[in-house]
Structures are given as C-alpha cells and as structure tokens.
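With these hints in hand, go ahead and build the complete structure from the sequences.
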Amino acid sequence: MGLISLAVLIAAFFVYYSIMMMLSPGRKYASIRDEFGIDSTEKSREGNPVFSDSTYLKLLKEKAFLQSRLIMAETDSIYLTLNLGDSTANLEISGVVVHSVKYSAIEASKIFIKGDENLILSLMANPFTIAKDWATIKKEPVMIKMAPKDTSEYKPDIMPDTSITEPVNYILEMTDGTRIYVCQQEIENGTDRRSRLMFDLQYRLQDAWSSMKNIIAFKVPEYHLFIKIYLPRNDAKNIYRAIPKYGQVGLYR
Amino acid sequence: MENNEFKNDVTLPPEQNRQDDDNFTPENFLRSVKSAFEKIRGNERLFRLLKNITLILAAAIFIILASWYFLFMAPALKELTGVRKTVITNNEELKKTPAYKKQIAQLNRDIQRLSRKYNSYTSGQSYIVINTTENRFSLYKNKKLVREGFCSSGSYTMLQTEGNKKWIFKTPKGRYWIQGKITHPVWRRPDWAFVEEGLPIPPKEHPSRYEYGVLGDYALSIGDGYLIHGTIYKRFLGMPVTHGCVRLNDEDLEAIYNTLSIGSKVYIF
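Those protein sequences? They're chains A and B, same order as listed.
In terms of my numbering, the numbers along the first sequence are unbroken and rise by one, the last being 616.
In terms of my numbering, the numbers along the second sequence are unbroken and rise by one, the last being 710.
I should point out that these hints are in silico values taken from the structure, not numbers from a laboratory.
One or more hints might be untrue.
Okay, derived cross-link-like pairs now, DSS-like style, lysine-lysine, Cα gap no bigger than 27 Å in a straight line [stated by the list, open to error]:
| # | chain 1 | residue 1 | chain 2 | residue 2 |
| --- | --- | --- | --- | --- |
| 1 | A | K424 | A | K477 |
| 2 | B | K543 | A | K426 |
| 3 | A | K608 | A | K477 |
| 4 | A | K518 | B | K543 |
| 5 | B | K614 | A | K501 |
| 6 | B | K614 | A | K502 |
| 7 | B | K614 | A | K512 |
| 8 | A | K501 | B | K606 |
| 9 | B | K614 | B | K582 |
| 10 | A | K473 | A | K421 |
| 11 | B | K542 | A | K421 |
| 12 | B | K606 | B | K582 |
| 13 | B | K606 | A | K465 |
| 14 | A | K477 | A | K582 |
| 15 | A | K424 | B | K558 |
| 16 | A | K473 | B | K526 |
Some chain B residues flagged as far from chain A (calculated, every beta-carbon gap over 10 Å) [what the hints assert, rightly or not]:
| # | residue |
| --- | --- |
| 17 | A515 |
| 18 | K585 |
| 19 | I623 |
| 20 | R650 |
| 21 | S702 |
Computed beta-carbon distance windows for the label pairs [claimed, not checked]:
| # | chain 1 | residue 1 | chain 2 | residue 2 | range |
| --- | --- | --- | --- | --- | --- |
| 22 | A | S573 | B | A477 | 47 to 53 Å |
| 23 | A | E585 | B | S473 | 31 to 37 Å |
| 24 | B | N690 | A | Q548 | 30 to 36 Å |
| 25 | B | V655 | A | P511 | 16 to 22 Å |
| 26 | A | K502 | B | K607 | 15 to 21 Å |
| 27 | B | E479 | A | S573 | 17 to 23 Å |
| 28 | B | G654 | A | D439 | 30 to 36 Å |
| 29 | B | V655 | A | M509 | 20 to 26 Å |
| 30 | B | E646 | A | P511 | 22 to 28 Å |
| 31 | B | A501 | A | G540 | 33 to 39 Å |
| 32 | B | P644 | A | Q548 | 50 to 56 Å |
| 33 | A | V371 | B | A501 | 46 to 52 Å |
| 34 | B | S556 | A | L564 | 41 to 47 Å |
| 35 | B | G704 | A | S573 | 49 to 55 Å |
Every residue, glycine too, gets a C-beta built ideally from N, C-alpha and C.
Structure follows, in structure tokens:
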C-alpha cells in the first residue's frame, strides 16, 4: 500500500512538473508582449491588415535589422550579427564586416520561429547584450611565464604547438535571458563527441536544477529563448575570442 | 463431445506424455514459473539475493528514466506549447489603398536613410583586418580584398617577476587607425624585453635599448606603442608569438605600407 502511495505521489509530481514546464514559454511570451507588444495607445494596430502584409513585414524586418546594426556600429566594440534568413554569422566592427561564416544548421525557440512577427521584430530591433557565457575554451588563453632571475635561466621562446585542437562549444546568455548556443560542426574524434556531450549535460543539469527549485517553490520556471547554431571549429573560436565579454549581438530572421 | 471425453480417458504411453509436458502452453509455463519460485522461496539466501537485485535494478531504471525526463524530456515539453502565429497576407486590394502605400513609402524611406548611414561606416578608404586567432590579415582597397596572408600577433603570455610586476603580451582588439608611418624603424626595447631575458633594466636612453634591423624596413603605428612591422623570425608567421605588435613578412609589409595612409582604419579581432 505504501509503495502504491509513493508511486502515485511520484507520478503526480511528474505531471505537475510537466505542466509547470509547459507554462513557462507562455509566461515568457506574455512578458515579451508586455514589453514590445501593442499597448493601449496603439489599439488601432490590432486587426489592421497592413501589419500582417508580406511586403510590409519584409520591409519591417530589414528596418529592424538595420536599426540594431546601427546601434552596435556606433560603438567601437566588436559585435556579432546572426542572420537566420541566410544562415550567416558576421563579426563586425563599426559597420565593417571583418569575418563572415555560413552556419550549417539551426535550432531555435518556437517563439522565434512562429511567434507574432511584429512582436519578434520589435524584440530584434534592439541589439542583445551578453551577460554571461560558458565555454569549453578560454576567452583569453593566457599562459603565465616567470621572469628568469639572470641570463643563465633564460630560455628563448619555442615554437607554439598549433596542432593541438580543442573542442569549441559555448553559450552566450543575453541580459534578457536569450541564449545563443554555438557548437562546433566537426565531430572528428571521441574527444569532440565527449566534450559536446559533457558540455550539453552540464547546462542541462544547471537548467534542470533551476527549474526544480522554482517548481518546488510553486513558481513557473524561467524560459530562455534560444538559438543553436553549428559552426566550423575555427570560425566558432574566432567569434568567441573576438566578441567582448559583455559584447552585443544583433539578430535578423 | 464424446470424442473429447474418449481422448481424456485414454492412457498414453510414457514418451507421448513427456512430449505433452514439453509443449509450450500458458498452463505449463505458469506451472514451471510457480515451481521455480517455490524452489527459490525454499532457499532463503537465494530469495533475499534475488529480491535485492530486483530492487536495485528497479531503482536504477527509475533513476535513469527520471534523469532522462528532467534533462531531456521536460525541456522538450517547453517547445510543445503553441504560440499565436501571424497570418501573413498578400491582399492585392489592400496594396491599392492610399494608407498602405503611405506606410510602405515611409518604411522604404526609413530603410534608405538607415542604409546610407550604415554604409557610410565602410568608407572607400583602404583598411586592414587582422585576425588574431588565426594570425591572418586581409587588406582592402575600395571595399575590395586586394591581399591576404599570414601575420603574427600577441602570444597571450603573462610575464611575471618575483616582485609581482606583470606584463601581458596580447594584441588589442577593436578599431584603430594608422597614426604614423616609419621607414627603417629602430626598436627601442622596453623594460620587459630585459626582464624576459633575465637582464638588468638599463636607464631610459641607454644605448643597449636600441636595436637596429629587427623590425624590417617599415613600421606603421596604431597607437599605445603597438606597431605593424616586419620580422626576422619569419618561421613564426601564422603563430601567436609577439609581445602585442603585429608582425608581417617583407613583401606583405611593403604592400600594406604602400596601400595604407595615415588615418587608414585597422580592424583587429
């Protein structure tokens, strides 16, 4: 009898957990709508056929992307632009594309793909700012070298070993919680596979833990909008090392 | 009916009886399971061992399934919920209305204005892009790539003394411009160049600070003491080995020196 009660209790928790998880994107979508959606002063937009017209939306997309790129170009920093339409990731400095790469595959939040066009375009009209990141490589691969006490201790620099390749996977989390997952495209050996699996498990564990804490406290867990792209190893590394810690990212779809 | 009764009454030879027992029927199977269970039940130690193994297996399966649920299935559930999609229309009647035309014209004007502003950032002037991760450079003239090749950039080495003095050898990233052009540059060795070799630091203008011919025929200054210059260590080109400056081979350096002028942009990433 005790075992049956326990099983029922566990099953009930799983159902409750699932419901709370399914509620989280809706909560996020509502908060985006509150921030960028139609407000009471713009009620006239609701039901206006112009705002769902294909030509109008195409132009609005272009305008949103240009607006976001201009804001970023006005700074001296290096920034990243992701064009979800033609699958390109560009590194830019003050409006000049310094590195461009095509990515092979993309996975993204349903909200990004299917969400209300006007709403998502309003969200994308401003650049996203990186708040934190996790990576399998160092941002600055600093090596510490102790100065020799005299000339007898001095050893000239040897040629660095450039044959060592480290797996490159990282997550850029923006101030609004949006995450950009960048995974290296090539899986050449067991190390690459293990590294990606461990990295994936690590953030999944973190997310599961955070969701669990919220759900136990009867709160809807946080939902992170996401975009996951697969880039060639060197390009992924170039981008990660180039963008500043609190750099900016522009999205275009 | 009669036939069946007759069959049941017949005593079969022992071989045929055994054959019937070997036949797989649910009754036989249940009977053999029951007898096996009885045998195990009779053996207290074996029964306890099997009970423990079953419990451990059940717990392991539960943990695996629960982990899979929390790590993979529950996050996937988030993507199951629907969002209201905009129904994109293409109404020809609407396109003829003055209000629509006005909206589109306004958007086109905005895009043109923003594009003009954005394109003004990439001037027709020559510029150079330096990739410090791959140690490569690209030279542009009139927005067209005219030359590319290998270079050497900062090694990311942090030189530390026992007195806790530190220098970090990295090439700065961002937008810079050519602030000076020098022919036959002379390297004025900074303090770290002596510390790195275990030599005592000489006074500021001491002759031992000046080294001739090590920076190639030309140098272009980008500010804060950082230079784009030549090198005698050509085998290191394409590798991160410098103290922060950008090193190039003689031919590339000459081409860059001749293409870039003071004020030309240098983009380093």
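Evaluation of the provided hints:
Distance restraint check for K424(A) and K477(A): the Cα-Cα separation of roughly 15 Å lies within the 27 Å cut-off, and the hinted pair is therefore satisfied. Annotation: proposed proximity of K543(B) to K426(A) holds, straight-line Cα distance about 16 Å (limit 27 Å). Taking the CA atoms of K608(A) and K477(A), the gap is near 30 Å; set against the 27 Å cutoff, the hint is violated. A hinted pair counts as satisfied when its Cα atoms are at most 27 Å apart, and K518(A) with K543(B) does not qualify at roughly 73 Å.
Annotation: proposed proximity of K614(B) to K501(A) holds, straight-line Cα distance about 16 Å (limit 27 Å). Of the pairs offered as hints, the one joining K614(B) and K502(A) holds, with about 13 Å between alpha carbons and a cut-off of 27 Å not exceeded. At most 27 Å may separate the alpha-carbon atoms for a hinted pair to count; K614(B) and K512(A) exceed this at roughly 32 Å. Pair hint K501(A) plus K606(B) holds up; C-alpha atoms about 23 Å apart against a cutoff of 27 Å.
Restraint check for K614(B) and K582(B): the C-alpha separation of about 21 Å stays at or below 27 Å, so the hint holds. Taking the CA atoms of K473(A) and K421(A), the gap is near 20 Å; set against the 27 Å cutoff, the hint holds. Proposed proximity of K542(B) and K421(A) is supported: the alpha carbons are some 15 Å apart, at most 27 Å. For the proposed pair K606(B) and K582(B), the alpha carbon gap of about 42 Å is over 27 Å, so the pair is violated.
For the suggested pair K606(B) and K465(A), the alpha carbons sit about 44 Å apart, so the restraint of at most 27 Å is broken. Taking the CA atoms of K477(A) and K582(A), the gap is about 26 Å. The hint holds against a cut of 27 Å. In summary, the hint linking K424(A) to K558(B) is supported, as the alpha carbons are separated by about 17 Å, within the 27 Å threshold. In summary, the hint linking K473(A) to K526(B) is supported, as the alpha carbons are separated by about 10 Å, within the 27 Å threshold.
Not every C-beta of chain A lies more than 10 Å from that of A515(B), the closest at about 5 Å, which undercuts listing it as non-interface. With 10 Å as the threshold on Cβ separation, the claim that K585(B) sits away from chain A holds: the shortest Cβ distance comes to roughly 13 Å. Against the 10 Å criterion, I623(B) stays outside the reach of chain A, whose nearest CB is about 25 Å from its own CB. The beta carbon of R650(B) sits about 17 Å from the closest Cβ of chain A, which is more than 10 Å, so the claim that it is off the interface holds.
In this structure S702(B) is separated from chain A by more than 10 Å, as the shortest Cβ-Cβ distance comes to about 17 Å. A C-beta distance of roughly 49 Å is found between S573(A) and A477(B), which places it inside the suggested range of 47 to 53 Å. Distance hint check: the CB atoms of E585(A) and S473(B) are about 56 Å apart, inconsistent with the given range 31 to 37 Å. Hint check: N690(B) to Q548(A), Cβ distance near 31 Å, so the stated range 30 to 36 Å holds.
Take V655(B) and P511(A): their Cβ atoms lie about 21 Å apart, and the range 16 to 22 Å holds. Distance hint check: the CB atoms of K502(A) and K607(B) are about 18 Å apart, consistent with the given range 15 to 21 Å. Under the hint 17 to 23 Å, the C-beta atoms of E479(B) and S573(A), about 52 Å apart, miss the expected range. Judged by the Cβ atoms, the range 30 to 36 Å given for G654(B) and D439(A) holds: they are separated by roughly 35 Å.
The hinted window of 20 to 26 Å between V655(B) and M509(A) holds, with their beta carbons roughly 25 Å apart. Judged by the Cβ atoms, the range 22 to 28 Å given for E646(B) and P511(A) holds: they are separated by roughly 25 Å. About 35 Å separates the C-beta atoms of A501(B) and G540(A), a value consistent with the hinted range of 33 to 39 Å. The supplied range of 50 to 56 Å is met by P644(B) and Q548(A), whose beta-carbon atoms lie about 55 Å from each other.
Taking the beta carbon of each, V371(A) and A501(B) are about 22 Å apart, not inside 46 to 52 Å as hinted. Here the CB-CB span from S556(B) to L564(A) is close to 44 Å, well matched to the stated 41 to 47 Å. Taking 49 to 55 Å as the suggested C-beta distance range, the pair G704(B) and S573(A) conforms, at roughly 51 Å.
In this structure, the earlier hints numbered 3, 4, 7, 12, 13, 17, 23, 27 and 33 are contradicted, and the remaining ones agree with it.
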